[in-house]
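2 protein chains.
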Amino acid sequence: MKINQFGIIETTFEQKITELTAIGFYDAPIKLAAQQGPITLFAALMKQAATITAVTTEFSDYMVNENQNLADFLTTCTTLTMQEFDSVALQLLQFTENVDYTLAEPMKGVQALGLPLANIPGVWSTNDLLSAWYDLLTTHTKNGLQFIDFLASHGYFKTTNESLFFNGKAMVTFDTKSLKKEVVYVETDLDTDDDGIKDLVRVDIIRPTTNQLVPVLFTASPYYQGTNDAISDQKMHKVNVPLERKRPNHVTYDEIAYQAAPTNVLTSHEKNGETSVATKTFYPTAHVDLNNYFLSRGFAVVYSSGVGTRDSDGMQDTGSPEQVASMQAVVEWLAGNRRAFTDKTSGITIKAVWSNGKVAMTGKSYLGTLATAVATTGVAGLETVISEAAISDWYQYYRDNGLTIAPGGFPGEDMDVLAELVYSRMQDAGDWHRTKAQWHQKQVQTAQEMDRVGGNYNAYWDARNYLKNVPNVKADVIMVQGLNDWNVKPRQVFRLYQKLQELNIVKKLYLHQGQHIYINNNRSLDFSDQMNLWLSYKLYDVNNQAQTQLPDITWQNNQQPDTWQTKASWGQTTPTAISLANVQTPVSYTDQQTKQAYATYSKDYQTWRSLMMNREKHDLDHARIMFLQPKQAQDLLIDGEVSLQLRMKSSANVGLVSAMLVDYGIERRLTNKPVPQGEQIDRGKNWQPTSLVEFELAQATPFKMITIGHINMQNRENSWRVNDLRPQEYVDLTLTLQPTLYQLTAGHQLGVVIYGTDFEMTVRGNQNITYTIDTKHSQLLVPIVTLADAKD
Amino acid sequence: MKINQFGIIETTFEQKITELTAIGFYDAPIKLAAQQGPITLFAALMKQAATITAVTTEFSDYMVNENQNLADFLTTCTTLTMQEFDSVALQLLQFTENVDYTLAEPMKGVQALGLPLANIPGVWSTNDLLSAWYDLLTTHTKNGLQFIDFLASHGYFKTTNESLFFNGKAMVTFDTKSLKKEVVYVETDLDTDDDGIKDLVRVDIIRPTTNQLVPVLFTASPYYQGTNDAISDQKMHKVNVPLERKRPNHVTYDEIAYQAAPTNVLTSHEKNGETSVATKTFYPTAHVDLNNYFLSRGFAVVYSSGVGTRDSDGMQDTGSPEQVASMQAVVEWLAGNRRAFTDKTSGITIKAVWSNGKVAMTGKSYLGTLATAVATTGVAGLETVISEAAISDWYQYYRDNGLTIAPGGFPGEDMDVLAELVYSRMQDAGDWHRTKAQWHQKQVQTAQEMDRVGGNYNAYWDARNYLKNVPNVKADVIMVQGLNDWNVKPRQVFRLYQKLQELNIVKKLYLHQGQHIYINNNRSLDFSDQMNLWLSYKLYDVNNQAQTQLPDITWQNNQQPDTWQTKASWGQTTPTAISLANVQTPVSYTDQQTKQAYATYSKDYQTWRSLMMNREKHDLDHARIMFLQPKQAQDLLIDGEVSLQLRMKSSANVGLVSAMLVDYGIERRLTNKPVPQGEQIDRGKNWQPTSLVEFELAQATPFKMITIGHINMQNRENSWRVNDLRPQEYVDLTLTLQPTLYQLTAGHQLGVVIYGTDFEMTVRGNQNITYTIDTKHSQLLVPIVTLADAKD
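The listed protein sequences derive, respectively, from chains A and B. Be aware that the first sequence starts at 0, since it is given in numbering that gives the first Met the number 0, and climbs by one per residue. Be aware that the second sequence starts at 0, since it is given in numbering that gives the first Met the number 0, and climbs by one per residue.
No lab work stands behind these hints: they were computed from the structure. One thing to keep in mind: the hints can contain errors.
Treat identical chains as interchangeable: a pair holds within one or across any two.
Unchecked claim - Cut-off 25 angstroms, straight-line C-alpha distance, at most; resulting in silico cross-link-like pairs (DSS-like, lysine-lysine): (1) Lys279 <-> Lys176; (2) Lys237 <-> Lys630; (3) Lys141 <-> Lys498; (4) Lys141 <-> Lys234; (5) Lys180 <-> Lys46; (6) Lys237 <-> Lys46; (7) Lys157 <-> Lys179; (8) Lys279 <-> Lys157; (9) Lys506 <-> Lys350; (10) Lys141 <-> Lys672; (11) Lys602 <-> Lys672; (12) Lys498 <-> Lys473; (13) Lys279 <-> Lys179; (14) Lys435 <-> Lys141; (15) Lys46 <-> Lys343; (16) Lys157 <-> Lys176.
With these hints in hand, go ahead and build the complete structure from the sequences.
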């Protein structure tokens with residue numbers, strides 16, 4: 000087990016005393032004890048801690064070394080050293096003797112666990128002990144909480160409903176039993192349902208009852224008002240369809256660039272009065288876990304599903320500028336720059352008088368996507384976004400290089416399917432029957448514009464590419480992405496991160512080894528603490544240097560469990576060219592499968608993918624070419640985008656190329672889903688406990704896909720221009736795979752598998768097409784850093 | 000989707016009106032509306048419901064048929080029929096149009112879903128509507144709640160902190176924000192740590208603040224105070240060891256029957272005073288979900304880990320009479336028949352003055368086991384137990400027929416390993432260092448007595464066989480068991496259920512298709528409602544006929560999703576003998592594997608088991624014999640215990656026989672773990688939401704194990720008597736497999752696979768033993784009911 004804490008700020012002794020005083024750990028009795036020396040002080044501190052936290056308050060239940068318990072120690076000893084303190088600290092932090100540490104060498108345990116306990120040699124003074132006690136309070140327990148937060152979950156803090164910060168982070172001092180739950184309707188400047196009247200969007204607010212102004216964590220979630228799962232499933236597109244030839248064109252980007260339509264003059268809702276008291280409430284269940292963490296710490300949490308969802312006006316249009324603008328409008332209301340009503344008909348306006356005007360947007364996937372998108376509007380009041388596994392360009396989500404590409408795990412999904420899923424106005428039968436004709440028409444239009452068969456980038460997609468608008472970003476941006484997320488793939492954050500480098504804002508990136516998951520409840524990383532430090536800084540103006548304290552890039556090592564490393568850059572490495580010509584040239588493979596294999600793998604793409612990487616002979620052999628590098632002499636790091644430069648031909652007038660970069664070598668690798676650790680952690684005094692999880696080493700496997708990419712041979716120039724493709728005529732193309740940051744173990748082999756149909760992600764035409772690669776004129780480009788250089 | 004509700008009691012119209020009045024759905028304004036006819040009444044009822052539950056309160060958001068919304072209907076129509084009511088009811092219950100029902104034929108949807116809505120033809124009177132409204136309130140929503148509970152979770156009931164019953168079930172009227180959390184220490188009559196002083200056991204209480212006396216749900220959970228996972232894992236026994244020959248004996252049961260040791264005179268704790276106010280509190284997280292459900296309904300919840308756990312006295316001894324007695328002592332205190340202290344040293348006693356003296360014990364697995372065990376003491380105050388996946392005889396859990404047998408999924412686990420896991424006194428380092436010498440000695444004794452190598456039933460196991468004590472049972476018993484639970488296997492409940500038949504108590508049995516799981520949050524069955532009905536009857540004396548209302552046996556059909564059927568008996572069918580002689584006789588198989596296969600399958604017993612059932616040729620073929628019946632002409636039900644009568648020989652002087660009964664036939668079968676439905680359900684006003692789950696049909700598979708069994712050829716008489724076994728000498732033995740209740744589809748084939756080593760459950764000696772079966776003198780006995788007969 001290892002704990003990685005990056006959210007602790009260095010604090011002077013004077014400041015430590017000030018903060019210990021503020022939180023009640025340096026009160027009159029403890030001051031008095033301190034005057035009597037470190038042993039008496041230790042007894043006083045332990046009494047407070049033990050009473051609050053422990054099953055037993057008996058000092059005889061703590062050991063200070065192998066032979067002596069704390070009760071004996073305090074009565075017989077006159078000096079205190081780190082060894083004795085650490086022994087007791089490890090017990091307070093719930094670590095297990097002979098598993099996590101030994102009483103013979105507690106400091107060894109502290110070091111191995113990576114605990115940031117004080118390192119003070121010799122005999123301790125009372126000041127040493129006070130300083131070490133402060134450090135102990137910021138150190139994580141075995142179960143994923145700072146010790147001070149563990150104390151808080153056991154009732155340490157009174158619910159004053161006033162902010163209190165410790166080591167730069169907001170503490171649990173707000174009452175979660177009296178949270179206000181309010182609904183308002185924000186008036187947008189949109190008219191997505193074409194009735195001439197401004198669309199209202201419903202906003203749900205949860206906030207502490209307090210006299211101070213509070214900032215807001217706002218999550219824009221089209222899922223929040225409910226989803227139409229069964230109906231949306233029926234809309235899934237068939238993927239067992241052929242790849243169709245496209246007529247060549249000479250389209251330029253300027254021709255397909257999105258231009259916003261001129262806005263009509265819209266009717267505002269009539270105002271009949273004003274109030275500061277909401278008239279409508281709601282009954283929430285937990286939605287975004289990270290938000291829950293902040294509710295007991297003096298932050299409000301706000302959800303909206305935007306236009307085209309239950310109890311809001313308007314039509315649903317995945318990722319559209321209008322959808323984004325409806326979320327932007329919510330930020331504007333929270334910042335005092337837009338009006339809202341208490342309901343849809345009364346005309347009574349209501350202000351967010353409780354808000355301090357500072358907003359952070361949070362969320363994963365679609366939720367993080369809209370956070371990113373709103374940031375690219377530059378809206379005032381949005382101080383920061385924490386966007387996890389977020390889409391920055393919808394074309395890259397459902398399309399790629401002129402191909403229709405499914406998010407991993409969701410073959411057949413597309414923009415219209417997702418819209419169907421979240422058009423939750425369907426869930427009120429009356430509202431549905433009133434709007435369904437318009438809705439069906441809207442979906443016909445979406446299907447046409449998204450052009451599933453063609454697959455080219457066009458004005459529709461350009462409107463949904465937020466990367467273009469990155470120069471507008473004013474908010475600081477925290478990004479989180481799984482390097483094994485093949486749903487929202489790593490390129491989404493890579494491109495955003497690159498674009499943001501040009502701006503004078505703070506940007507921080509977390510790259511983990513998971514798939515499409517949150518990381519706020521991982522044992523080995525103090526992500527929630529870090530976000531607390533960050534939001535205390537951004538939204539409460541706490542002077543905690545969060546902008547420099549948080550690493551620029553935090554990368555979870557894919558070889559070692561519990562290992563999070565900091566980095567200064569991602570994807571800045573110049574690629575090394577690796578020839579493919581050691582294979583007899585040219586080489587061919589044929590895409591078509593037998594009827595039976597086609598039926599089988601259409602149903603079970605997991606087995607298909609595993610076989611495609613498997614080096615042994617099998618019935619998919621004819622459908623791929625594998626290039627295998629020699630065994631690596633040393634560990635190396637692949638840093639950024641791998642690409643293939645290929646000279647190749649298709650036997651038909653259509654063609655697609657897929658490629659996987661693969662790590663070959665038998666090894667236990669990390670699970671891509673964190674495993675529940677059997678603990679519910681309480682991060683806010685019985686408020687919404689969450690499951691503690693951790694990535695673990697799985698059974699040994701012979702290979703692992705590092706990254707993947709696909710391209711339509713007719714889009715070898717770019718994704719809007721269609722090139723001609725003639726049967727058996729060689730063309731040159733570059734296939735850039737999804738970016739990665741991957742440590743390849745010494746002794747392993749790097750391999751690349753090139754093939755056509757991807758049973759999980761492309762259409763599956765089962766066409767009889769033979770592809771041939773001229774390996775002499777083809778190469779693999781890999782941004783390799785040897786591991787010694789990689790340490791930065 | 001189908002909903003199966005067995006927890007609704009038939010209610011007269013007068014009683015319905017009384018209850019509607021009591022819960023506020025027949026108040027003055029509604030009475031007034033009723034005087035103006037059904038349309039006005041409908042409007043008034045809907046107004047109340049819609050205001051509470053709906054996103055929108057607009058009547059125009061409900062449809063009464065394909066063309067008319069509720070607002071229009073109420074203003075233009077003068078009569079109400081079932082069709083219109085059901086349309087609106089389905090919307091209130093959150094079902095989805097065109098998925099779960101259509102507006103053209105709402106009653107068809109109601110029927111297909113199995114909803115218990117009123118069936119009243121013709122034009123409705125106000126009384127019809129009131130009666131139907133009552134029925135609606137008891138009907139489940141799409142998301143696993145009675146509609147009245149859904150209303151409650153949206154704040155329908157005031158928190159009066161007084162009991163209110165509706166349709167025989169306790170409603171959510173207690174405040175979950177002001178629950179009291181108290182710790183007391185119950186004084187037992189035990190001295191498991193041999194210090195001459197009565198052991199104290201810690202008890203944690205959560206109870207509503209109320210002026211009325213409340214009953215108790217008590218869960219005896221050795222896990223509750225924490226588990227020593229890593230330490231316990233180190234204690235796992237090696238299973239790659241040979242099966243050893245046992246010296247024949249002539250032991251009789253009387254010789255090994257357990258006799259309680261005479262009790263020493265023990266010192267009681269000194270009493271220094273009395274109080275009614277607990278002095279110690281605790282910070283709970285959710286533990287047993289079913290208990291959480293009851294906290295908002297006027298029930299207290301109590302946990303204890305018993306002797307030999309953190310903050311209690313004593314040694315840990317899995318399943319021992321002393322462990323059971325320590326839990327019995329808790330019941331006695333709750334019923335007013337034993338004393339407890341506020342802490343371990345002060346001598347201040349405290350009574351459960353808030354308790355009405357009626358206790359139910361709850362829990363799954365070890366927790367349910369102790370509930371069963373305490374019931375067999377006949378302790379006063381224990382009114383009922385709800386024991387799920389409970390062990391009734393520990394010998395059957397870690398041993399079987401003279402063999403050491405692992406619970407499925409846990410090879411190498413045993414009584415001492417489990418004791419190590421829950422000896423949570425280890426978690427207080429001081430307490431651990433004080434007691435560890437005694438603990439190690441205790442574990443040496445346990446290891447010796449449990450006799451892992453021998454595997455025979457002896458006095459140690461007899462002490463831990465609660466079936467012997469069933470005649471003492473006074474409490475009514477609810478049993479829940481998964482028919483695919485190979486951890487706590489079905490025989491545990493089967494034997495208990497059979498024994499209980501002799502007693503004049505209420506016994507109810509639920510047999511589901513899951514493995515080792517709880518079923519209280521399944522969508523398709525109203526299990527929590529049923530337990531509410533049951534505990535309202537047992538603990539609050541509500542006259543609701545729960546004892547006859549609940550089915551005697553509720554069986555989840557293994558073929559059809561969402562299908563729960565009632566039965567009058569289990570395992571009463573006379574077996575049909577099926578000859579094995581169609582195979583050329585005699586037939587042999589050899590247990591030994593190649594080194595490589597042995598290593599592989601030792602690590603991956605899942606693949607091993609799948610291959611052992613697979614009919615295709617493979618490298619495990621030599622290690623089994625498969626007998627396959629012809630295709631079934633019609634559906635049939637296997638009801639109870641299947642057994643094999645075998646005449647067979649071993650090539651060695653040791654031998655073991657394993658057998659699996661297998662269903663062959665390609666079919667989509669139910670998952671054995673319920674799948675989360677993406678909904679958090681709130682069953683007590685924001686108190687501990689739980690995930691809604693359901694068994695779903697998985698991908699088609701070619702076979703499925705129905706049941707399994709193992710026997711040591713030296714224990715062919717019984718599990719304590721050791722018979723001689725000579726190489727190559729035929730012996731007769733009967734191998735009884737775990738009981739089942741399994742519907743075999745027409746067209747499928749029944750198969751039995753006979754083999755030696757079970758890589759998941761037995762020791763794996765990899766000995767070179769050849770087994771031979773004289774098939775002419777062997778047969779399979781299957782209790783078959785043709786499906787027409789099976790319907791009862």
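Quiz prompt | Those earlier numbered hints the structure runs against, lowest number first | solution = 2, 3, 6 and 9
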